[in-house]
Amino acid sequence: MPCPPSEAQLPLMGRLYRNDLSDGEIRFVDVTVASGLRATGYGMGVATGDIDNDGDVDLYITNFGSNQLWVNNGDGTFSDRTVAAGVGDPRWSVSASFFDYDRDGWLDLYVGNYLDFNYSNQQVCGNEERPDYCSPLHWNVTRDRLFRNTGGIFEDVTEKTGIGNFFGNALGVVAADFNGDGFEDLYVANDSMLNLLWMNDGEGHFRNTALLAGAAVNADGHPEAGMGIGVADHDGDGDLDLFITHLSRETSTLYVNDGRARFSDGTANAGLAQTTFPFTSFGTAWLDYDNDGWLDILTANGGVLGSLHPLAQRNQLFHNDGAGVYEEIIPGNQNPLAQPRVSRGAAFGDLDNDGDTDVVISNNAGPARVLRNETGQNAHWLGLRVLSNGRDAHGAVVVAQTGNGSVRRRVQTDGSYASARDPRVRFGLGSRDTPISIRVYWPDGTVENWPELAIDRYHELEQHHGNTLKQ
Amino acid sequence: MRLVSALLFLMVAATTPAAGTGPRAVDLPETDFSELKLDAQAAQRFDELQIEIRRKRRIAPAGDLAALYGELGMLYHGYLLFDPALLSYENAAYLDPSDFRWIYLVGVVLQHGNALDGAETAFRKTLELNPGYSPALRRLGDVTLAANRLDEAEYFYDAVLRLLHHSPYALEGLGVIELRRKSYRRAVQLMETALEQAPRADRIHYSLAMAYRGLGDAESAREHLAQRGHKKPGAHDPLMMEVSNQGSSAYTHVQRGLLAAREGDYEKASGEFATAVAQDPENQDAHMALYDSLNRLGRTDEARAQLDTILELFPDNAVAHYQKAQQLDQAGDTERALVHYRDAVGSDPGYVRARYYLANKLMESGEFAEAAGHYATLRTALPDEIRILYQLGLARLASGDCDRALDPLETAWTANPRQYLILVALVRAAATCPAATAAQRQQALTLARELHGNQHTPDTTETLAMALAANGGFEEAIALQTQLVSPRGAPHLAANLRYFQDGQPAPSAWPPDSRTYRSPPPVADG
Numbered sequence: 004m005p006c007p008p009s010e011a012q013l014p015l016m017g018r019l020y021r022n023d024l025s026d027g028e029i030r031f032v033d034v035t036v037a038s039g040l041r042a043t044g045y046g047m048g049v050a051t052g053d054i055d056n057d058g059d060v061d062l063y064i065t066n067f068g069s070n071q072l073w074v075n076n077g078d079g080t081f082s083d084r085t086v087a088a089g090v091g092d093p094r095w096s097v098s099a100s101f102f103d104y105d106r107d108g109w110l111d112l113y114v115g116n117y118l119d120f121n122y123s124n125q126q127v128c129g130n131e132e133r134p135d136y137c138s139p140l141h142w143n144v145t146r147d148r149l150f151r152n153t154g155g156i157f158e159d160v161t162e163k164t165g166i167g168n169f170f171g172n173a174l175g176v177v178a179a180d181f182n183g184d185g186f187e188d189l190y191v192a193n194d195s196m197l198n199l200l201w202m203n204d205g206e207g208h209f210r211n212t213a214l215l216a217g218a219a220v221n222a223d224g225h226p227e228a229g230m231g232i233g234v235a236d237h238d239g240d241g242d243l244d245l246f247i248t249h250l251s252r253e254t255s256t257l258y259v260n261d262g263r264a265r266f267s268d269g270t271a272n273a274g275l276a277q278t279t280f281p282f283t284s285f286g287t288a289w290l291d292y293d294n295d296g297w298l299d300i301l302t303a304n305g306g307v308l309g310s311l312h313p314l315a316q317r318n319q320l321f322h323n324d325g326a327g328v329y330e331e332i333i334p335g336n337q338n339p340l341a342q343p344r345v346s347r348g349a350a351f352g353d354l355d356n357d358g359d360t361d362v363v364i365s366n367n368a369g370p371a372r373v374l375r376n377e378t379g380q381n382a383h384w385l386g387l388r389v390l391s392n393g394r395d396a397h398g399a400v401v402v403a404q405t406g407n408g409s410v411r412r413r414v415q416t417d418g419s420y421a422s423a424r425d426p427r428v429r430f431g432l433g434s435r436d437t438p439i440s441i442r443v444y445w446p447d448g449t450v451e452n453w454p455e456l457a458i459d460r461y462h463e464l465e466q467h468h469g470n471t472l473k474q
Numbered sequence: 078m079r080l081v082s083a084l085l086f087l088m089v090a091a092t093t094p095a096a097g098t099g100p101r102a103v104d105l106p107e108t109d110f111s112e113l114k115l116d117a118q119a120a121q122r123f124d125e126l127q128i129e130i131r132r133k134r135r136i137a138p139a140g141d142l143a144a145l146y147g148e149l150g151m152l153y154h155g156y157l158l159f160d161p162a163l164l165s166y167e168n169a170a171y172l173d174p175s176d177f178r179w180i181y182l183v184g185v186v187l188q189h190g191n192a193l194d195g196a197e198t199a200f201r202k203t204l205e206l207n208p209g210y211s212p213a214l215r216r217l218g219d220v221t222l223a224a225n226r227l228d229e230a231e232y233f234y235d236a237v238l239r240l241l242h243h244s245p246y247a248l249e250g251l252g253v254i255e256l257r258r259k260s261y262r263r264a265v266q267l268m269e270t271a272l273e274q275a276p277r278a279d280r281i282h283y284s285l286a287m288a289y290r291g292l293g294d295a296e297s298a299r300e301h302l303a304q305r306g307h308k309k310p311g312a313h314d315p316l317m318m319e320v321s322n323q324g325s326s327a328y329t330h331v332q333r334g335l336l337a338a339r340e341g342d343y344e345k346a347s348g349e350f351a352t353a354v355a356q357d358p359e360n361q362d363a364h365m366a367l368y369d370s371l372n373r374l375g376r377t378d379e380a381r382a383q384l385d386t387i388l389e390l391f392p393d394n395a396v397a398h399y400q401k402a403q404q405l406d407q408a409g410d411t412e413r414a415l416v417h418y419r420d421a422v423g424s425d426p427g428y429v430r431a432r433y434y435l436a437n438k439l440m441e442s443g444e445f446a447e448a449a450g451h452y453a454t455l456r457t458a459l460p461d462e463i464r465i466l467y468q469l470g471l472a473r474l475a476s477g478d479c480d481r482a483l484d485p486l487e488t489a490w491t492a493n494p495r496q497y498l499i500l501v502a503l504v505r506a507a508a509t510c511p512a513a514t515a516a517q518r519q520q521a522l523t524l525a526r527e528l529h530g531n532q533h534t535p536d537t538t539e540t541l542a543m544a545l546a547a548n549g550g551f552e553e554a555i556a557l558q559t560q561l562v563s564p565r566g567a568p569h570l571a572a573n574l575r576y577f578q579d580g581q582p583a584p585s586a587w588p589p590d591s592r593t594y595r596s597p598p599p600v601a602d603g
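Protein chains in written order, with the numbering used here: chain A, 4 to 474; chain B, 78 to 603.
Mixed in with the good hints there might be a few duds.
Some chain A residues well away from chain B (every beta-carbon gap over 12 Å; in silico) [to be verified]:
1) Ser38
2) Asp57
3) Gly217
4) Glu253
5) Asn376
6) Gln466
One-sided excerpt, in silico: chain B residues whose CB lies under 10 Å from chain A [stated by the list, open to error]:
7) Leu193
8) Ile281
9) Gly341
10) Tyr434
11) Asp461
12) Arg495
13) Leu574
Here are the in silico distance ranges between beta carbons for each label pair [stated by the list, open to error]:
14) Ala368(A) with Asp484(B): 45 to 53 Å
15) Gly262(A) with Pro358(B): 25 to 33 Å
16) Arg592(B) with Asp78(A): 48 to 56 Å
Worth flagging that the hints you see were computed from the coordinates, not collected in a lab. Treat the numbers as computed from the prediction; the structure is a model and nothing was measured. Just so you know, even glycine gets a beta-carbon here, dropped at the ideal spot from N, CA and C.
Make the full structure from the sequences, and use the hints.
Structure follows, in structure tokens:
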């Protein structure tokens, strides 16, 4: 049984915890009250980005009900700018993404909406003795929303851009340039419906190409219960691949990009079919947990259906062998990954600044868990905060020359499930202990490089401060 | 692997046959079959087999006992009881390792549970015992393909093709292998041939589309994408046919149907549900599932007929009444839809969705007082639902119960002060209801001014005029209302103007036939 909330926590609302890292020890302090944040909606997820280019991170909270935009005042407090900014979408939203689709230097916002559910159209499935949740297909879906940032105020461009032409019951959302044309596209994981791949034509329009692109359904042609999304160049071939989590008995699915935003289902090839088949997975990301230079996968698992089946499941960590094949690392009993829980969101970042990726996992009916990575610090690494216009350069691609050849990582805060992540990028270097050259492909199309950066530490790379390679 | 839910296992006395080597035969659980609703014949067969096994376990030759276990396993398997089926088959295979059937069925159950390594071992053993057994070859193709061992999978599907010329299943498997190898032309050839052999196997279309895409033929790819589905090519598997014939209770067919539906194969699902209905016409779950699957298949006439059958057999089935009401509603038959909505609520007073639609339909039909009663009941069940509060307020306004409209509208507004529609309704209610206090009227005026300041529309203008009149500001109200009156405008605009000119507030928030009452816009969508 979950503990009842303490009086101090009432009324129930989203909480803001500040990481007061001290001597390498992570210490979170609840600063909700002092911050002025009043996230009293029925919270679902968060997206982060600097919407006003003032150098601090703003917060968008998705709700079952109207969403909220909290603008960071830069002094530890936030102001509710939902109405003024025009982004209080009243639908049931889960995941959202800040990205700059028109390359005007302002972060735009995509909001994934789930179902047209409310208390007056609720349904119960199963039978009288064993009531259960219904499939999402019992409800109508609602349209996602695309908001264009016009300088801190947003314009709803859903219809104008073509985004309103197709829709599903979105749970996962990620922005990335899938065809390498320099413009951020969108991928939306829908729950038991066709996923959407919105290709950005660079002229303000999007076109859903998911089905022909091979990214709408799995290899058998089946739509799956899309939840969380990982996006990264998992095979090191220079393009962005997708990893989508699903219900048990569906497998999570790896969509491998051929560089032209044409995907093939590589799940079996990567050894991910059997290992993911028994689990219902939500939050996920590619992360190089052991800093060996190859991206591994973590999934936050927990069931949803079937009152007799245990909902609690262990989380999973898959190690990439360097040839694109993943093997599950079965944790010992004491390892927190082994503890069965009903996990949902997973946020990834280096919480203790030791150069590896830690994870915060939210759990249903239980406290969130902070999983501190004690493995990656044993290898060499390089960490970068990549800034443009004074803010994290969402969508910038960073390429490092490492022992594994050219390795590319993206600056992003979106993906996973209903979660936002650390925008800093990290390169695992294994045993390599010499400086690394870095090239940054900025969202505006320019390219710069920074030669010979010292390893085992973080650097801040600001646009226009490197050696220009392409203007 | 997990047993089908809700089965109670009670271990019975140990059964330890002496014969054989390797892992010993294990005890079988005794199963509570009450939930399966077995027909008498099947229940008797289960009992007989278990009794016979107990009786013979120490005296019968191993082969005889193996056959009994095998038969019991098939019975369990037929009823989708996978755990005891597996134990039974394993016992049979242990007792008679020379009979390929039992080890093959071990593999089938393991494959169902995605235990592919174990399944592969079992199918390979099957082939050692029966080298030409095509179902084992085909399944080895499947499990090696699942493991992405393409050369081995090709070997097995080729072997199937040598035995069963033109097997669409094997052709599809080979096509998928070529697709993964990026040999698109060959993949297209193989899958086109598979489709020729099994035109209804629409699962093939997706892989075929991907192969055409690989060839750069986007048009053919799109053509096949449009035809994609879930139906697999048929496969020759006599033992599994036998297993399927074992499980013949309505419950089993419903379960099989649900499994098929989950895979999107509604064709197969509807067949299973229809069989269940035929076997047990009293089974409401089967009837409803059949209706649902027919609907999803787009077989609307059959679905409609099935729904009528359900209503005939189960006149108290609230869900069926609700579905019927929806059907009639969509066809524009409001009168009959109302009858079924009422029946749905009558059969299940806690059926919130049906009551909500009933109330909406009553509003549409102008039966405002009855609608208000239903919204009030819904408010008790869902006190925080703003939509209900708003519509209750409107229903009371429309039915002339203006004074009691204020409370739900105020509650809705407090919960969501930025919602335009609620704001307008609240202002108009406060401006027209005699029971509104002076403070409420004053607050209405403040809100109306704010609203009108933000947005100049005929709606906000009239709302402000009403609020002004309610507070004695007739001069300004007349000026605003005059802007709205035109020769072709709604008559109530001129009527309200006359009231203001006579120094009286507007008599009602909206005229009785207003669309706002009959078809209120959804507040959730702002």
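Against the structure, the hints come out as follows:
no. : hint                                 : result
1   : Ser38                                : 23 Å, holds
2   : Asp57                                : 26 Å, holds
3   : Gly217                               : 6 Å, violated
4   : Glu253                               : 10 Å, violated
5   : Asn376                               : 30 Å, holds
6   : Gln466                               : 38 Å, holds
7   : Leu193                               : 6 Å, holds
8   : Ile281                               : 9 Å, holds
9   : Gly341                               : 6 Å, holds
10  : Tyr434                               : 9 Å, holds
11  : Asp461                               : 7 Å, holds
12  : Arg495                               : 6 Å, holds
13  : Leu574                               : 34 Å, violated
14  : Ala368(A) with Asp484(B): 45 to 53 Å : 36 Å, violated
15  : Gly262(A) with Pro358(B): 25 to 33 Å : 58 Å, violated
16  : Arg592(B) with Asp78(A): 48 to 56 Å  : 50 Å, holds
Hint violations for this structure: numbers 3, 4, 13, 14 and 15, all remaining hints satisfied.
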